[in-house]
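S.K.: Please arrange chain B on chain A, whose structure you already have, making use of the hints.
2 protein chains.
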Amino acid sequence: MGEIEFVKPMDIERRSFAIITQLLEEQGRETEGVNAPVLKRVIHTTADFDYAENLVFSPGAVETGLAALREGCDIVTDTQMARAGINKAALQRLGGSVHCFMSDPDVAELARERGVTRAAVCMEKAAALQRPCIYAIGNAPTALLRLREMLDAGELDSCPPVLIIGVPVGFVNVVESKELILETRVPHIVARGRKGGSNVAAAICNALLYQLGRP
Amino acid sequence: MGEIEFVKPMDIERRSFAIITQLLEEQGRETEGVNAPVLKRVIHTTADFDYAENLVFSPGAVETGLAALREGCDIVTDTQMARAGINKAALQRLGGSVHCFMSDPDVAELARERGVTRAAVCMEKAAALQRPCIYAIGNAPTALLRLREMLDAGELDSCPPVLIIGVPVGFVNVVESKELILETRVPHIVARGRKGGSNVAAAICNALLYQLGRP
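Going down the list, the protein sequences come from chains A and B. Residues in the first sequence are numbered from 7 upward in steps of one, following my numbering. Residues in the second sequence are numbered from 7 upward in steps of one, following my numbering.
Only chain A is shown next, with the shape it has when bound in the complex:
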């Protein structure tokens, strides 16, 4: 019946991370720094070691994200899948909650009226919360583009993003949209290139959350 070995659920993750750490060490990668838990969890979620090359952290991005989460900041995301994947119990313990406005009827209507994407309208709706937020973008390059436009126009000055997690995946405008965030001085964690996704966005959020305690 194959060679499945019984491993207690709680031990599977620990063992997985040990394997990931070992494989990263064999590639001569950093496995101890403040960014390492984020990289490791992204690899845990994708089994894709390309992220060791692609994942770009602005200086202090992880520390800034952790400090804001500890103070109860919210997370805004552009997909229901990322919302489903983020550990909401861990976030709620700290006083934060997850927002995804993509299915809101007013967002769809405004997007149609103005001929823009729903993701772009969602970023405006998130900014209007006037709450400290981590923007975790796993799908829509236009979300990142809109954030950059609003940053450049000073429209986020009264409540700037705590951290932008810029990890859309894809083949059209995706690479460019991530470069637009990499150019900013807003704290960011970006998967340079085509790769990323809702699962990666959720994994990065959870990697931060789990450093602050796991319910």
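Hint data in this document are derived by calculation from the structure and do not stem from the laboratory. Certain hints may be false.
In this list, chains with the same sequence are indistinguishable; a pair is considered to hold if it fits within one copy or across any two.
[Stated by the list, open to error] Derived DMTMM-like pairs (lysine to aspartate or glutamate); straight-line CA-CA distance at most 25 Å:
no. : residue 1 : residue 2
1   : K94       : D110
2   : K14       : E182
3   : K94       : E130
4   : K14       : E115
M.R.: Below, chain B alone, put in the same frame as chain A:
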């Protein structure tokens, strides 16, 4: 402000698939057969061309899945993220619905009592539906292991899985669990090796659904 080009949302996917097709052709891959739309959508979701090598289709798996969906079969999945990602409107049009039992209190309790994973109990609960189902497993190797055990014991004979989508991701027991499904005669689509995930499971379901119409 970078080089973002305006592309209508509805055109982005078409253009993405054209790029994926071209890149697959450059690698000498099949881009026209019945399995190609599934492979392309998985690459669209991950930007990871390793799936051209990893994704294994049993003969007739796609045709079987399409026929069953057309007749209103359900989809069972082992993660809330995959449930969030599957296009439920497309499935409901055909008469099917998505089940994910992972958060059910009775599942947690039974798993604890018996010292097994929740995913294993979920497979039993799905089998008890006695409805034609596609099993889309994006996370838990123990779900695939339990399915194999039930298959071997004849416990699924009265209502066998329509199709097993076996795409857990990870480093512990994952590779082996997928080999256990590859050995069976149940129609299957399996991502051989470590890679996969909830996003991949949802993408495969949607690739099938979208061939039957997109709401």
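S.K.: Are the hints correct? Go through all of them and say.
M.R.: Here is how each hint holds up against the structure:
Taking identical chains as interchangeable, the C-alpha atoms of K94 and D110 lie at most 25 Å apart whether they share a chain (20 Å) or sit on different chains (17 Å). When the C-alpha separation of K14 and E182 is checked against a cutoff of 25 Å, the pair qualifies only between copies, where the shortest distance is 16 Å, while the shortest distance within a copy is 43 Å. In this assembly of identical chains, K94 and E130 lie within 25 Å of each other by CA distance solely inside one copy; the values are 23 Å within and 27 Å between copies. For the identical chains of this complex, K14 and E115 are inter-copy neighbours only, at 16 Å across copies versus 48 Å inside a copy, given an alpha-carbon limit of 25 Å.
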